[in-house]
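Chains E and P, in that order, are what the protein sequence lines are. Take the first sequence: its letter number 228 is residue 227 in numbering that gives the first Met the number 0, and every next letter is one higher. Take the second sequence: its letter number 52 is residue 51 in numbering that gives the first Met the number 0, and every next letter is one higher.
There could be a bad hint or two in this list.
[Said to hold, decoys possible] Some chain E residues near chain P, calculated using beta-carbon distances under 7 Å:
{"no.": "1", "residue": "Ile36"}
{"no.": "2", "residue": "Gly40"}
{"no.": "3", "residue": "Leu43"}
{"no.": "4", "residue": "Cys89"}
{"no.": "5", "residue": "Met92"}
{"no.": "6", "residue": "Leu93"}
{"no.": "7", "residue": "Leu117"}
[As the list claims (entries may be wrong)] Which bits of chain E does chain P cover? Going by a derived footprint, with three or more residues having C-beta under 8 Å, they are:
{"no.": "8", "segment": "124-130"}
{"no.": "9", "segment": "206-217"}
{"no.": "10", "segment": "262-269"}
In case anyone wonders, no lab produced these hints; they're calculated from the structure. Bear in mind that the values here come from a model prediction, so they are computed numbers and not experimental data. Note that the Cβ used here is the ideal one computed from N, Cα and C, for glycine as well.
Take a look at the letters that make up each chain.
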Amino acid sequence: MTAQRGLSLTLLLRYTILILVCVVMMAPVATAFLGSIRTTGEFLSSPFGLPQSGIRWENYTNILNGTGFWRSLVNSLLITAGVTFLNITCASMLALVFSRIRFTGRNLLFNLLSLGLLVPVVVAILPIFIQLRRLGLIGNLLGVVLPLAAFGLPGSTVILRGFFMNIPSELEDAAYIDGCTTLGFFYHILLPLSRPALMAVAVIQVINSWNDYFVSLLVLLPDPNQWPLPLGIQQFQGQYGTDWAPIMAYVTLLIIPAIVFYMFTEKYIVTGLTGGELKG
Amino acid sequence: MSASKFRVLPRSYAQTEGIQRSSLNTAILVTLFVLPGMLIFLMFFLYPIGQSAVFSLYEWDGLGPLTDFVGFANYERLLDHKIFHMAVQHSLTLMVLSLVIQLPLSLGLALIVGRGNLPGRRIFRAILFIPYVFSEVVTAIIWTYVLHPDADGLLNTLVRSVVPGFTSAGWLGNPDTVIFVIFIVITWKYFGFHMILYMAGLQAVPDDLEDAARVDGASELNVLRYVTLPLLGSTIRLTVYLSILGTFQQFVLIWVIRQGGPGNGSQVIATYLYKFGILGFHLGYGSAVAVLLSITMLIFSVVYQRFVMRRDYATDASKERIR
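Please model the entire structure based on the sequences and the hints provided.
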């Protein structure tokens with residue numbers, strides 16, 4: 000009896016703490032949303048209030064009717080698609096070689112790649128800027144895609160390599176006996192079997208490239224036509240200053256896809272971040 | 000090098016190797032498969048970092064040819080620059096705060112959310128984690144509003160409703176405290192990441208071990224202290240590592256919120272590099288910052304992996320042998 004009461008007390012305590020923390024976590028997001036559907040005046044006088052004079056759609060329609068938002072959206076989609084495709088393609092090929100094929104220099108190459116996990120990406124920014132300028136990639140979306148794909152390569156390769164190693168070699172032997180080439184084994188057996196790992200790696204790349212600001216800032220700043228959404232919203236904020244309502248509409252437009260994306264890919268995000276470990 | 004073995008849980012896998020095919024085929028295949036990835040990686044990551052070691056020995060605005068060789072003068076100037084000292088100090092402050100506040104907080108919440116018996120667990124996890132998915136710029140803008148110095152900033156409004164007569168505070172206006180406010184924003188965005196790692200680690204702690212301790216009369220606190228936490232050791236060591244490396248990566252949040260100001264109060268190493276190296280067109284000088292930071296982090300990584308995380312790999316190996 001007492002044990003049970005003790006148990007439910009702990010449960011109550013757990014819920015209280017969790018709900019409190021969740022409220023604190025969500026308050027900024029909730030106010031951003033509430034701000035986006037009201038006038039700035041209403042918003043500032045009561046951050047948590049509801050619209051007094053109907054939902055103010057103008058905050059949204061002004062953004063959606065302009066061209067800047069859509070152009071940034073297209074740029075962001077191009078960058079994200081490019082980085083994710085390039086990263087996954089290169090990483091899965093590297094992972095195959097590092098996990099399944101023995102050759103001289105393999106460890107050297109793998110250690111070289113692993114160096115990328117040991118230094119913060121920030122230190123690469125300045126020399127990469129110089130490198131991109133030399134290659135004439137400043138002001139070019141490719142100048143964002145290539146470095147971002149490179150930054151994520153060590154992590155993606157290591158995760159995929161671990162996964163490939165877990166696929167039993169009997170399967171490979173059987174495939175060869177049935178006349179499969181290494182390439183065929185890779186394409187028809189290894190990749191389809193590794194779909195969860197590929198998804199996990201891809202999802203992490205999508206998040207990182209969609210949210211990138213630093214590389215875009217260096218490469219694309221001079222040309223507003225090439226800005227992805229993070230640069231677009233920062234410029235928008237600079238333009239509207241403390242007229243918070245339209246800014247919060249822009250913020251909401253970026254937050255909602257992020258939340259939807261999370262809901263659909265939660266399992267893969269968690270797997271990707273934990274290096275392919277957690278289920279559930 | 001053991002960097003290849005980043006992982007949350009120890010795991011054992013059969014070391015499988017493909018059967019040897021004809022060596023010419025293998026050579027072609029390896030070349031085809033390795034080339035694109037390694038090329039991108041070397042051209043856009045490793046080689047530029049290496050190059051910055053050369054740039055750092057020159058006085059260079061980044062435009063003309065490299066002619067003005069100055070030896071280690073950039074490094075000397077750097078080590079004498081007061082603002083650089085401040086930046087290092089702020090980066091270290093963020094690092095220490097992350098280790099002593101952010102990680103225990105993440106661990107605590109992971110323990111509270113628990114291992115799967117709590118109804119609503121997934122919703123809690125989602126809400127606590129979701130800021131990690133938001134872009135840093137969006138996060139910075141939301142928090143700029145929350146911390147706005149005018150009377151109508153969210154935090155000022157909230158505090159005023161609790162404390163009558165509260166005069167509005169400029170939360171980001173004080174050079175001595177701005178770094179702590181920035182730390183709160185960083186924590187809001189990133190602690191969910193560590194929490195997810197701890198939750199993953201907790202799933203691997205078998206609850207029969209904890210139950211056994213309870214049957215033997217251990218209090219909940221002792222179960223935590225002597226059973227759960229030691230079993231989480233490898234996860235904790237990993238999060239400490241990722242947290243330290245991550246702290247030195249912080250740039251976007253800090254830059255968008257305050258550009259390292261006011262009065263360099265939120266200048267960290269990365270913003271210093273950007274401001275004085277790139278914006279100021281002192282690319283040789285900026286390279287010196289980059290080189291110093293890479294070498295420090297490389298040494299830290301190697302030492303940490305060799306001496307602290309080594310036992311996690313050792314467990315792996317022994318497990319493999321048992322199987």
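Status of the hints after comparison with the structure:
1. Ile36: violated (15 Å)
2. Gly40: Given a least distance of 9 Å, the restraint on glycine 40(E) is violated.
3. Leu43: Holds: closest Cβ of chain P sits about 4 Å from leucine 43(E), inside 7 Å.
4. Cys89: holds (3 Å)
5. Met92: Constraint on methionine 92(E) satisfied, holds at 4 Å.
6. Leu93: Interface hint status for leucine 93(E): holds (4 Å vs cutoff 7 Å).
7. Leu117: At about 4 Å, which falls below the 7 Å cut-off, the nearest Cβ of chain P leaves the hint on leucine 117(E) intact, so it holds.
8. 124-130: Satisfied; 7 residues make the cut.
9. 206-217: holds (count 6)
10. 262-269: holds (count 4)
Taken one by one, the earlier hints fail for this structure at numbers 1, 2, listed in ascending order.
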